[in-house]
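Visitor: Assemble the whole structure, with the sequences as input and the hints as a guide.
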Amino acid sequence: MMQHYPVLSIIILFLGAFLNALFGGKSSIVRNIITFLSTGTSFLLILLLIKPIMLEGKVISYWMGNWIPVSDWAIGIGLEVDQLSLFFALLVSFTVFLSGIYSFKYMENDDTLDKYYVLYLMLSGGVMGFVLSGDIFNMFVMIEIFTFAAVALTAFRNYIEGALEAAFKYIVIGSIGSSFILAGTTLLYAQLHTLNMAQIAALMHKNYTPITLFSLGLMFTGYAVKSFIVPCHAAAPDAYMTAPSSISMLFSGMVNKAGVYGMIRLLYMLFQSINLPSMQILIIILGTITMFIGVTMALIQNDFKRLLAFHSISQIGYVITGIGLSTALGITGGLYHALNHTLFKGLLFLCAGAVFYSVGTTDLNKLGGLAKKMPHTALIFLIGAFSISGLPPFNGFVSKWLIYQSAYEEGFVIVTIIALLVSVLTLASFIKVTQSVFFGQLSKECENAKEVPIGMRIPMWIMAFMCFITGILPQYVTKYLITPAVSATLNIGKYIDAMLKDGYAEKYFKETVPVPNINYKLAGYWRPEYYLILFIIILLAFTLTVLAGGIDVNRRSIVSKEIEDYKYDTFYSGEKSEYSQVGGADLFWGLKYDFRKYFNFMHSAHSGVVNDYTLWIISTAAIVIAYIFLLVP
Amino acid sequence: MLILKYLFYIFVFPGFLFCFFAGLILAGIDRKIVARMQKRIGPPILQPFYDFFKLMGKETIIPNSAAKRTFIAAPVAGLISLVTISLFIPIFKFSAFNAVADVIVIIYLLTIPAVSLIIGGSSSGSPYAGVGISREMVSIVSYELPLIIALLAVGKKAGMAVNDGMVTFSLSKIVEYQSLKGPMLFHWSMIPAFLAMLFVIPCEVGSLPFDIAEAEVEICEGPLVEYSGFPLGIYKLNYALKIFIFSSLFVTLFLSGNGTGIILFDAAIQYVLCIIVVILSVSLIRAVTARLRVEQMLKFYWTYPTALSILSLILVWLGL
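From first to last, the protein sequence lines stand for chains A and B. For my numbering, add 479 to where a residue sits in the first sequence, where the first one is 1. For my numbering, add 966 to where a residue sits in the second sequence, where the first one is 1.
Treat the hints as calculated values from the structure; they're not laboratory data. Some hints here could point you the wrong way.
Okay, derived cross-link-like pairs now, EDC-like style, lysine to aspartate or glutamate, Cα gap no bigger than 16 angstroms in a straight line [stated by the list, open to error]: (1) B:Lys-1265 with A:Asp-1073; (2) A:Lys-1071 with B:Glu-1261; (3) A:Lys-1076 with B:Glu-1261; (4) A:Lys-845 with A:Asp-782.
Guide: In structure tokens, the structure reads:
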């Protein structure tokens, strides 16, 4: 029975989409029930797989329509779920489930919602199918499904300025990425006459032709486009900004993770014997550029969601860097950060959605003072902001720390320094958001804002709670989720044997397949439970002091009743506030002034012209291919 | 018994009470020395205590435009994180929580007081605070780069000797290295990093000429403009604690070693060294300079101190 769970968890999402197309137009209750049941069942099925796969180390293989291999040659489409696939499937199904719950309230004022849910479930099913598939052509098909669903969802609120333009950019850039992947897949098929990932990995072991290397370059670029790595990122900010927040969460939580997953499979599975350390430098350079450019672009944004989109790009840079380090510790950091990024960035997008729901805009210049109106959202946002900036004891700290450590150990000092600096800039950027959205003066637009309904707050609280849990219990997360996934990434012999038959890998490798030994020595110590205990004890002490009445905190003024007394007004040097000349709107003036050349260059580079962005991608492809041919032996 | 021991660590030594006295006295010494350098008599050394207790007794006014809970909670969060850091900094061979003393953890924990200042200021709803926090943010970005590089250089230097050639981020390993090979300062390749760190201290604690965030004459103490009474007192305490903790971290990184083995003497030596470091890096500079502009500060930190710490890092990497 268990081997049917993966395929069921994919099919149920697609089934939900078709049912929604048929019956979803009738009433919102039908729609919501169908969506909730299909995403919930899919999530449950994936959860049930944790025990056999993560804990017992099984690998589930499944041949669609029972087209089993004939004389060791794969014919049918295979699904294969090892620990790495399951790790990503968990991220996907968790995000999808929460985003679905959030959508019920968040989207209630839009029309043609049946189409929204159809596309939403197609997107989810596409990504789910992608991460569970064991067949590269099937992966391409799933990429097409989720890319086109994503494009349509980007333009779903087509009354928002720029939505159609964003969708256009996304379709052009996304199609280029898909074409690269298709071309790479075709070349591999022409060379090896099979599409099964396990079989390709076995056949291609230390047996490369120029054509397979060319295909590596194409597919690498294709997946780089899918995960929005700089310089292939140009479609992302627009798409994230204009899509509904529940969808932006899916974009950053799983669509670009799909690209990362594809990249891991490509590098560690298909081309595993290509001598990864030589690919290492290219990937690390790309990752470092991505994190730096992402965060600096985020500093100068004036739109809440656009800013989050650039941060999303920047955080993917961390993931890619971690994976590119190709040590067990690096991959652990990368995958941990992928998990954390899904949690905190999803949370932040949900907060942006909550703000949009209450106020109707995400323009940072129009927002302000929302913490008084929406205290829950403000608190949740702070948790998300601290997590992404990597303040202990939240989760961003753990994974970033692993990445710094592994980069430093491998001798990439500059990468560690840039990564730490990017972390500081991330913090600075989120302080700007906190200041201009939740604190500061209450703006005109926000006067009638209300706290969002409980249906939207529940997913946000769950995400916030998860951010905290993964931050304070890293050793359990590592032990039960990350380390199995890392060992699956490196243990390709097991993957091949589980798909085809025992000893298959050894037959083609012509040597015993090494089983990776995952143990790493940490240069420092991270024991978050100590911090938690400390924080709690000290907090208790202070609360006691305050409660004992030793210090008068003036309890009266904590009551939110407004008191008419000039003493409680804000200080404006004796001027009336409307005549005050104190501006202070631009929080990064000093930084922008010192780096004006850089910022001007970046500003003009992001011209908004799709042709330019296409050129960037083609150039990236050219560079990657040239790199592979010149430097990889 | 174990719980009592930890409670003692947290609340008495090297935690809250020790930091409280050490920090405020250090702030008093700093004020006195600056005054003497400027040919003033200056306040008594215990003046920060008087200030603190006076503020505790004053009425706390929370403006109507403030997000009230955040307004009160922000300074306390900053204080908590400072006390937490104090537990992780080894005093020669003694440290309260040995297993968790880690340089990167400390880098991040050190940003929390600054963040608490920013969050508190921004929750007050004042435009002056808005200007102040933007400056505070630029100052964080400024000093963080040389600080990171200097710490990495120290970690590499110690790790090459005592951690099988790998980097170490553990503070107790760094102390162990110094007890074997003498203080970091006596290794000439570490002198540039030492100088860079000396420059970082005044910016980290926010004293002249790097107190752009709290410039009284321009923006009325920026983030603190709306604060009064109890939370203001906590912020003043945070300032004093920051001076002490950062100089103590500095001493641990560069001037530590075997010590005498008796905690009391070790703490006294550490404290005397802290006073010297503060006089050198905070008081001396504060007495003779005027406030910088925002963009000058960023430019300064990203050139000279950064170059110095990079020089150190390269030297260490070359094995010198």
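Visitor: Work down the list of hints and note, for each, if the structure agrees.
Guide: Evaluated hints:
1. The straight-line distance between the Cα atoms of Lys-1265 of chain B and Asp-1073 of chain A is roughly 7 angstroms, inside the 16 angstroms bound, and the hint therefore holds.
2. Using a Cα cut-off of 16 angstroms, the hinted pair Lys-1071 of chain A and Glu-1261 of chain B holds, with the two alpha carbons roughly 9 angstroms apart.
3. For the proposed pair Lys-1076 of chain A and Glu-1261 of chain B, the alpha carbon gap of about 14 angstroms is at most 16 angstroms, so the pair holds.
4. A hinted pair counts as satisfied when its Cα atoms are at most 16 angstroms apart, and Lys-845 of chain A with Asp-782 of chain A qualifies at roughly 10 angstroms.
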